[in-house]
Amino acid sequence: MSEQENQVTKRTIIIEAGRADAYYWRDLWQYRELLWFLALRDILVRYKQTVIGVAWSLIRPLLTMIVFTIVFGKLAGLPSSGVPYPLLVFAGLLPWQFFSNSLSDSSNSLMSNANMISKVYFPRLLIPASSILVSIVDFLITFTLLLAVMLWYGVMPTWRLLLLPALLLLALITALGAGLWFAALNTHFRDFRYIVPFVVQFGLYVSPVGFSSEIIPEKWRILYSLNPMVAVIDGFRWSILGGDVRIYWPGFALSSVLIALILYSGVMYFRKTEKTFADVI
Amino acid sequence: MLRHKLQQRHTSLRDMLSAQLSRLGSTLRHPLGGFNAENPEQEEFWALDDISLSVSPGERVGIVGRNGAGKSTLLKILSRITDPTSGSIHLKGRVASLLEVGTGFHPELTGRENIFLNGAILGMSKVEIQRKFSAIVEFAEVEKFLDTPVKWYSSGMYVRLAFSVAAHLESDILIVDEVLAVGDANFQKKCMGKMESVANEGRTILFVSHNMGAVAELCSRAVLLNLGRKVLDGSPAEVIEAYMGQAGGGNLKIDVNKNNPIFVTELILKDADGNVTSSIPMGEDAEIEIRYSVKEPQTNVTMAMLLARHGSSLLYSYDNDIANELEGKRDVGDYSARIRLPLSRMKEGQYSIEAKIGVGQTNMTDDNAVIVFEICNHSIDTTHRSFRSDRPGHIYWPLEWQTTRLTGNT
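Chains as they are written, first to last, in the numbering used here: chain A, 7 to 287; chain B, 92 to 501.
Note that these hints are calculated values from the structure, not bench results.
Glycine included, each C-beta is placed from N, C-alpha and C at the ideal position.
Please note: incorrect hints may appear among the correct ones.
Unchecked claim - Below, computed lysine-lysine pairings styled on DSS-like, alpha-carbon distance capped at 27 Å:
1) A:Lys281 with B:Lys183
2) B:Lys235 with A:Lys54
3) B:Lys217 with A:Lys54
4) B:Lys235 with B:Lys285
5) A:Lys278 with B:Lys183
6) B:Lys281 with B:Lys361
Claimed, not checked - Label pairs and their computed distance ranges (CB to CB):
7) A:Tyr275 with B:Glu199: 30 to 36 Å
8) A:Asn121 with B:Thr239: 20 to 26 Å
9) B:Ser177 with A:Arg199: 29 to 35 Å
10) A:Ala28 with B:Ser408: 52 to 58 Å
Turn these sequences into a full structure, and let the hints steer you where they fit.
Rendered as structure tokens:
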């Protein structure tokens, strides 16, 4: 053990009722490798257990894309901001599926790791965080498929694609913030097991996944931006599709502030409740 | 001081809402308040109260108590799994807690993958795990199955691997909860050995167990908890005696709560004069009487006793080592086996005798069938002798040294 490591581990831990943990963030950093191991575990297990493994990450968005294109594009005849409708849908589906997978998985993550939580100490935050990492793998697979579909339609990415990582980070923060809230609430109130799937399903229709947010009347757009996923999805379309797609900047700014608030409050609530997880889980 | 309040395990929104409503109802009915203003739903219960302990580096403390005494809660709080309601704990150094063997093991993952995952969960870095990897695998004896998913492991292999990972964690304080109750006898022995070597490296051990033999063997100090309070803090012998409710000292009656067809009911220790006692003078022999009951006729019984001192096994004896009159046959009834113990050659210290029963290949030993006693020295001067109690060895046997001069300087 190196000198430095020794110093850290030889410290005195003080456990006291109601005392904020002085080493919270340092502990989190020390256990960072566990984050990867937990994510790796979930990825390995998923692809060992499901027969078609990777194919799932491809079939789901493809089928949804087809259905949404027919319903919103053909039947409802909604405008598509000058890009092929399937691409419009796919570019919205990409962040939405990342968000919804992350949210459902991280909300359930504490429950599905209940045994670990009640038997061993480690920073609890790692569990919901690792389930979001797992969703990134799905995201990358789906993203590759999107690039293929773009090629098929002859739509070339522009320089804006370089900003996609930043937008992914925005989606990740949204998912983490909401996931922390729901994960913590889920341990205390089992009702959230039913609430989260509803939120995810409902969110799919109130977020601009199957349609462009440009169809929202101008005067309502700022109100519409109270849904943080509006900014994320609009941002993804802007970055991936290029062309005529525009971002409604006031709304984007509002959503971003909201997203930051969700993460901050999520972390706070999680920290406040995590010490009782082992008792109630 | 350390307190902990256990709350209702599950809450649902409905419970909470109805509690709020009923409180609202009672407020309406008793608008001046005062009627059970505290949450009536929540009964207060202190799992631990007023526990004050100070453990020095290198001590091996056994925590003993009946179910519900608060042992597990204490360990959970020490392990930082749950938070105390009041009180404080100061831990100096790295803590490794083993409340369960194999926490976080995933059946679909291979042995190798699980070593890394479990190690990381216990707080090891990847580099540390890699450095210990071969030692872990060797201790667990699973070299051949490293790349097999652990769901195909036998339960023995699984437990061995899990214990091995935890045992190789470099920690200053090791907290262990009854994990040794699993696995076969051989492996249990190996675990005890590992824990002893951990202790000999000067690391601190907190050990919870119902197995008094293990406590007597491993620990240098023991704490008895009852209903969340500390009842006794002293030598393992004292504490085990108190826990077992040995009224007379030297006579242990064992609660028969077993479904086993054959079980030990009583252990009686007598000194050379035939007095029942738990304190044998150094230099004298003693006798142990094991009483047991047989509820169903048996054909292949082996009784055994194990004498241990300060955690080291000294003497193991079968009832059929010499005489084999009964040939393992036992009809229904009560039995008494008396064994003369050659204790006159033993050094002073804490001793334990475990009575064991085997029927065929089945171990029917009751963990509670352990009697503890001490050999105390009143008359022999050991000050400058090899057999002083703190020197190596367990046997008091002054040997004759015949020293002669072979060559000389002229």
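We went through each hint and held it up to the structure:
| no. | hint | result |
| --- | --- | --- |
| 1 | A:Lys281 with B:Lys183 | holds, 21 Å |
| 2 | B:Lys235 with A:Lys54 | holds, 21 Å |
| 3 | B:Lys217 with A:Lys54 | holds, 23 Å |
| 4 | B:Lys235 with B:Lys285 | holds, 22 Å |
| 5 | A:Lys278 with B:Lys183 | holds, 25 Å |
| 6 | B:Lys281 with B:Lys361 | violated, 33 Å |
| 7 | A:Tyr275 with B:Glu199: 30 to 36 Å | holds, 33 Å |
| 8 | A:Asn121 with B:Thr239: 20 to 26 Å | holds, 22 Å |
| 9 | B:Ser177 with A:Arg199: 29 to 35 Å | holds, 33 Å |
| 10 | A:Ala28 with B:Ser408: 52 to 58 Å | holds, 55 Å |
Violation of the numbered hints given earlier is confined to hint 6; every other hint is satisfied by the structure.
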